[in-house]
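Given only the sequences and the hints, what does the whole structure look like? Please build it.
The residues making up each chain are set out below.
Number of protein chains: 4
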Amino acid sequence: MATVAFIGLGNMGGPMAANLVKAGMTVTVFDLVPQAVEALTSQGALSAKTACGAAAGADYVITMLPASKHVQGLYLGSGEQQGLLDVVSKDAVLIDCSTIDAGTAQLVGKAAEEKGIAFMDAPVSGGTAGATAGTLTFICGGSDAAYNKAQTVLTVMGANIFHAGAVGAGQIAKICNNMLLSVLMVGTSESLQLGIDNGLDPKVLSDIMKVSSGGNWTLEKYNPCPDVMESVPSSNSYQGGFMVDLMVKDLGLSQQAALASNSSTPMGALARSLYVNHARQGNGKLDFSSIFEQFANQKSK
Amino acid sequence: MATVAFIGLGNMGGPMAANLVKAGMTVTVFDLVPQAVEALTSQGALSAKTACGAAAGADYVITMLPASKHVQGLYLGSGEQQGLLDVVSKDAVLIDCSTIDAGTAQLVGKAAEEKGIAFMDAPVSGGTAGATAGTLTFICGGSDAAYNKAQTVLTVMGANIFHAGAVGAGQIAKICNNMLLSVLMVGTSESLQLGIDNGLDPKVLSDIMKVSSGGNWTLEKYNPCPDVMESVPSSNSYQGGFMVDLMVKDLGLSQQAALASNSSTPMGALARSLYVNHARQGNGKLDFSSIFEQFANQKSK
Amino acid sequence: MATVAFIGLGNMGGPMAANLVKAGMTVTVFDLVPQAVEALTSQGALSAKTACGAAAGADYVITMLPASKHVQGLYLGSGEQQGLLDVVSKDAVLIDCSTIDAGTAQLVGKAAEEKGIAFMDAPVSGGTAGATAGTLTFICGGSDAAYNKAQTVLTVMGANIFHAGAVGAGQIAKICNNMLLSVLMVGTSESLQLGIDNGLDPKVLSDIMKVSSGGNWTLEKYNPCPDVMESVPSSNSYQGGFMVDLMVKDLGLSQQAALASNSSTPMGALARSLYVNHARQGNGKLDFSSIFEQFANQKSK
Amino acid sequence: MATVAFIGLGNMGGPMAANLVKAGMTVTVFDLVPQAVEALTSQGALSAKTACGAAAGADYVITMLPASKHVQGLYLGSGEQQGLLDVVSKDAVLIDCSTIDAGTAQLVGKAAEEKGIAFMDAPVSGGTAGATAGTLTFICGGSDAAYNKAQTVLTVMGANIFHAGAVGAGQIAKICNNMLLSVLMVGTSESLQLGIDNGLDPKVLSDIMKVSSGGNWTLEKYNPCPDVMESVPSSNSYQGGFMVDLMVKDLGLSQQAALASNSSTPMGALARSLYVNHARQGNGKLDFSSIFEQFANQKSK
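Respectively, the protein sequence lines represent chains A, B, C and D. Quick note: the first sequence uses full-length UniProt numbering, first residue 1, plus one each step. Quick note: the second sequence uses full-length UniProt numbering, first residue 1, plus one each step. Quick note: the third sequence uses full-length UniProt numbering, first residue 1, plus one each step. Quick note: the fourth sequence uses full-length UniProt numbering, first residue 1, plus one each step.
Check before you lean on any hint, since a few could be wrong.
Below, in silico cross-link-like pairs of lysine to aspartate or glutamate (EDC-like), each with a Cα-Cα straight-line distance of 16 Å or less [to be verified]:
no., chain 1, residue 1, chain 2, residue 2
1, C, K90, C, D59
2, B, K203, B, E230
3, C, K203, C, D227
4, B, K210, A, E220
5, D, K210, C, E220
6, A, K210, B, E220
Simulated from the structure, these hints should not be mistaken for lab results.
Have a look at this one:
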């Protein structure tokens, strides 16, 4: 069986690592928070005193970190401190599952390539529910060889695994998708409210648009109008799901990419502005489908 | 068999009426253009000298006209001139398939109601191909009784028949849908171009987003990026399909509704501006997926 | 001295009529609200039992009404009821100061022209303060002859009188101006907040931009950021001034014009969406500079 | 008299340095392009073999460079190569006139502060005409002491000198201003075109709005509609002035700042999208007022 190092045991990383343990792999974990480590060792994982200690000798090294600076620091080291690239086996496959900017992924990828180490960015979607169920979506950027080899671990944690292109392409594809998702969500919200304002039943309108040319993922799985679908955040006071603050983060990454490539994204930029306004009004912890409330007539409540 | 009057034999109305003839119904047609009438009589339709002459005594009266003013004039008459409501049988069901503003539909509907006549707005989608194949989508606004009775003729011409609500609701639901469609198209276009600008293959990116949370009708059926899908307008120099000028018309109707109900539709309004700019640059006769070209780097061509 | 009929004695019309009385003109007033009439007769105005009664025989007929339907009804009459155009002297100049859509102004203007009566649309800006002080701005649409003759009464009520073009042009020019004003207000608000978020003092930033290429009326006269300028609504909890609901109305008229002429106004349409959202959150009665609050960080309050 | 080092002798830096020479100062220049150096030495400047050679011992060090990376590299050095901060006199005032992101300005400012050296960011506006005439606007970020001392050289090159705040504040204020300018330009363009589409004369409409609440710098100095003002780019086929590509650069910096501070700038973001589209259609070298053409009806040309 494969030996795996897993670094970063937060809301997502914890259950992802647990699925590898359950699959019978030898998993050595590391996190700065002792409780997060204990939660895994109690399920059968090994632990190490440092990230580099966990990674040394492993067949697969998987990282799940909050932001670009953590990824860069961990892989490349800084000053006296060694980075993962200094300690891992030459045969190892390194997989970063964090959602960060593509530029940082490419920087790390280039440093790995110079040392002959296989590196892949593989940001995920599917939330904590998907992490626990092992049904995440991975969007990977890296060589064919790395992509193929990584199947061993990715298929344990996820249900859909895509190969978007070279290193960095995973990040780009993910933020293109999430930017488009935000546009679908805002566009669907304002269309439903326009219908409501003109006397339509949102459930009837949703049913019509879902199977017409307005059909999209949000109508299918995640209707933003309360009480149209069961078991979605909009029918539960917008609790749970994917937080507004996280959508703001992803839309920031998409705009960062658009600036770097001198691209025009009028809808994505507008969605970001609307989501930032929404967050600034105190809604950052609500599910992102709560943008619907920006269009609803609050006075009539 | 039912007797049907069909008034307005343009690109859409012509093949719709023809399907009713083929189904064995007695169809009396009228149009101001003699050739349009002849095309139908050669297939077995009867003709009348006036619209009112065609409508008098028919079980179903179907109209397919360019704009609100034509619908209002035909149904209500003006000055000396009789309107359809003055001549039709009290048992007839009147079905207007034009795409017009909901206010005019409601005006006609109210006048009909006062005379005890069943009226329904039933705008269509599916284009000339759907009209010919008898696979149109009808989105109906009217009473349950009218809706049920109309099935006799609508199922001959269409594959999907929705009941959106009371008179006018068909128009509202259609323009909500088409506004959302325009948002999907623009959002998908800019997301694909952002990916391309950052080195992704648009086919790979489309495949990923199609089955992810960015999934929507345009990725499924109508990809705007050339050479990603076969047999769509984008792979045929944006010829055929649904013209930019028609999308501009529908987006105008959606904004008219938003003004009437004091609704906010930032994405729909932005889509309209982008489509108007696109049309003004001389692209009005191209398919509406050509909005993709607004984002592509023309200099690099 | 000129004899004037003044119809519509609301917040604007009342003080406008009073200035004509003070100037020594013979003013006959009409309003549906008796108290409004009494307020004027107590200052020396005459009154009439009907609008037509007030207008018959007057040299100038001035109207100040809430919306298009009132203007159309009053001038053209309906059914049995006479309109102003049926009773006024052929030498009279009719001046409608309401802010309405240009189409209705043109409809009334055409009916007047057919009867050989001089009609002008002359919407105002300057608020109730300007109405009281006699310092309003009038933007007129009509013939040179009507414009010249109207100076007699307009200069009593206003300080700036513009001739925008033929009948209807006054309305168009006003809504172009107010649409642009809304763009200045939103753009200035987000620019100031961007500076604040990055550590700048909004007063210093305002002083710099005011005399630079960002200079505009809102920085000069109506800074939206609290406590940058004295005696403006932003420094008085956004009380007074020009209400959000009225800006929403004017932006609706600008979008109605843009639909009629198939024009693209992306910034104006976006401003309307943001103002509608703002109004729907319960801010309709605040001054329109309160849009600044959409950009401020409410969480940090 | 003060001794000045001037590094970066491009279209802006060249004439700026020349004005210092004309004022009798001892100016030592450096540029990678020999011809740019010779143009200055022929006017009386001294030259140095390296940037550091020019800067050593000078009372004032002024830099005018294309982008952030050049500024960072020059001031901080890299690897073996010394930076300006390693060689300048402790009493010198360092003034960077480049337009770059505020973060880089702050990075250099912090490094300077640690060495006890006075540093100021002072981006300019006014174009090559202002550089030649010595009428530039400087927007400065730095300590009061640095700001006061810098007057000696800034007043020779500029007519308006603002103190926006601490190091970095000059950049922020400049991009806030230029973002607002882009909004004024787009908003004015679409308002004028809306008027034109509805029959107004753009000159008349401009005259009205200029003195009304729509008044702004573009109406006053830089009308985007051809043939409304003389001697502006719009009346000269949009040649000269401030290029679309430069506005795209500045709007990119404003969006970078908005991402860093998590700010919402819907109008600025929309302006950037419209300008990027405009540039991608091949208009990058035109004056930025050419955005007017996006709204004009090209078909009617």
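Hints, verified against the model:
| no. | hint | in the structure |
| --- | --- | --- |
| 1 | C/K90 - C/D59 | holds, 9 Å |
| 2 | B/K203 - B/E230 | holds, 12 Å |
| 3 | C/K203 - C/D227 | holds, 8 Å |
| 4 | B/K210 - A/E220 | holds, 13 Å |
| 5 | D/K210 - C/E220 | holds, 13 Å |
| 6 | A/K210 - B/E220 | holds, 13 Å |
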